[in-house]
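Number of protein chains: 2
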Amino acid sequence: MSMTTEPQTIPGYTYASATLAPSPVGADDLRLLETTLLWTDDDERYLRMAGEVLADQVEAVLDLWYGYVGSHPHLVHYFTGPDGEPNADYLARVRARFGQWIRDLCARPRDATWLAYQEEIAQRHLDRKNETDGVDSVPMIPLRYMVAFIYPITATIRDFLAAKGHSDDDVEGMFQAWFKSVVLTVTLWSRPYAPDRW
Amino acid sequence: MSMTTEPQTIPGYTYASATLAPSPVGADDLRLLETTLLWTDDDERYLRMAGEVLADQVEAVLDLWYGYVGSHPHLVHYFTGPDGEPNADYLARVRARFGQWIRDLCARPRDATWLAYQEEIAQRHLDRKNETDGVDSVPMIPLRYMVAFIYPITATIRDFLAAKGHSDDDVEGMFQAWFKSVVLTVTLWSRPYAPDRW
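For the record, the sequence lines run as chains A and B.
Just add 4 to the spot in the first sequence (first one is 1) and you have my numbering.
Just add 4 to the spot in the second sequence (first one is 1) and you have my numbering.
Check the hints yourself; a few may be wrong.
Examples of chain B residues lying across from chain A (beta carbon under 10 Å, computed) [said to hold, decoys possible]:
1) Tyr155
2) Pro156
3) Val187
Sample of chain A residues lacking proximity to chain B, with all beta carbon distances greater than 12 Å (derived) [what the hints assert, rightly or not]:
4) Pro15
5) Ala20
6) Ser21
7) Leu36
8) Leu37
9) Asp45
10) Asp60
11) Gln61
12) Val65
13) Tyr94
14) Ala111
15) Arg114
16) Thr117
17) Trp118
18) Lys184
19) Val186
None of these hints come from the bench; they were simulated from the model.
We put the CB at the ideal spot given by N, CA and C, even for glycine.
Produce the complete structure using the sequences and hints provided.
Written out as structure tokens, the structure reads:
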């Protein structure tokens, strides 16, 4: 039995929605970033493999990541309301989309549709934080934590990638593809923080 | 025989100079970032170990990194002059400081002096690019490549960390400490790109 939520039932998940604006980041920009990340055809293959390996572990990954955020007051702060208390409904809604982000990162082609949704997510950390979930919370996630999250989101995935009996080479290949994908994602999510300097 | 340049002879290297402004990033901000990166006492120990392991490999690391930049026109672009050709003297001056950055990252205490120099380096990628070396080059490094560089600068270090016969556990420990340190550095270097949203 999978605990996976079907994408169409995830509140605020608007991947490929006709209402999404195109990303200001074009295909050429994306290809240069992939080149900078030393992207290879092997990474595509390993990313798909990672998606299969993580499929029935997404809730466990989220348990770990939410445990990490929840145990650090300076991070859970971004989910608090005017009373300073964490908003459980807000946390749950973001969690469902975070899980879908794991699946999408491993499985979706990185095309204009993918870029448009990365830009949507980027804005949901900044000027449009709280809007999707209709909550009254802290107005933005500072850039410092967007960049810093590259470490925990990357380092903690390795044990999950190794949990299905794959060879050391395959685990390493999946890990490198994941690492590159996380850095690529955060790079794209940093754009609206410095639109003229990005 | 070491090929190490003595810090005091590196052009433009102004670590701990009395003329440096204090960083707008305070010790409390830094501690919260370290916490976000899951920093532990082991990381301090492993970072010192990495410094010892890398000491006589710094030029080889720089050869690899400069080969990577030099083989990608969209990256070497940031070292070109008005004629579109790479400025060899500029590349050499930055290279010497890049090598010292490796040594400093592993060995220096992360105090107010360290923070002030990280801010100085940050500005040298942005509003004050070219000033230190008195060159006529591209005016800034875009944020996208600052963030994306986390991947190559982290992933390529592992073979160097493993080159001196340390145990797998020690290599892994050094790698994690290096990874955290690179993410921390890039986080701090991203500040002037979005000062009001950092």
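Hint-by-hint comparison with the structure:
1. Tyr155: holds, 5 Å
2. Pro156: Because about 6 Å separates Pro156(B) from the closest Cβ in chain A, which is inside the 10 Å limit, the hint holds.
3. Val187: Result: holds, 5 Å to nearest chain A Cβ.
4. Pro15: Given a closest Cβ separation of 26 Å, the condition holds.
5. Ala20: Non-interface label stands for Ala20(A): nearest chain B Cβ at 24 Å, farther than 12 Å.
6. Ser21: holds, 25 Å
7. Leu36: Label violated. Min Cβ-Cβ 5 Å, cutoff 12 Å.
8. Leu37: violated, 6 Å
9. Asp45: Correct as stated: the minimum Cβ-Cβ distance to chain B is 17 Å, above 12 Å.
10. Asp60: holds, 26 Å
11. Gln61: Holds: least Cβ distance 20 Å, greater than 12 Å.
12. Val65: holds, 16 Å
13. Tyr94: holds, 20 Å
14. Ala111: holds, 21 Å
15. Arg114: holds, 14 Å
16. Thr117: holds, 20 Å
17. Trp118: Fine: 16 Å to the nearest Cβ keeps Trp118(A) off the interface.
18. Lys184: Non-interface label fails for Lys184(A): nearest chain B Cβ at 6 Å, not farther than 12 Å.
19. Val186: violated, 9 Å
Checked against the numbered hints above, the structure violates hints 7, 8, 18, 19; every other hint is satisfied.
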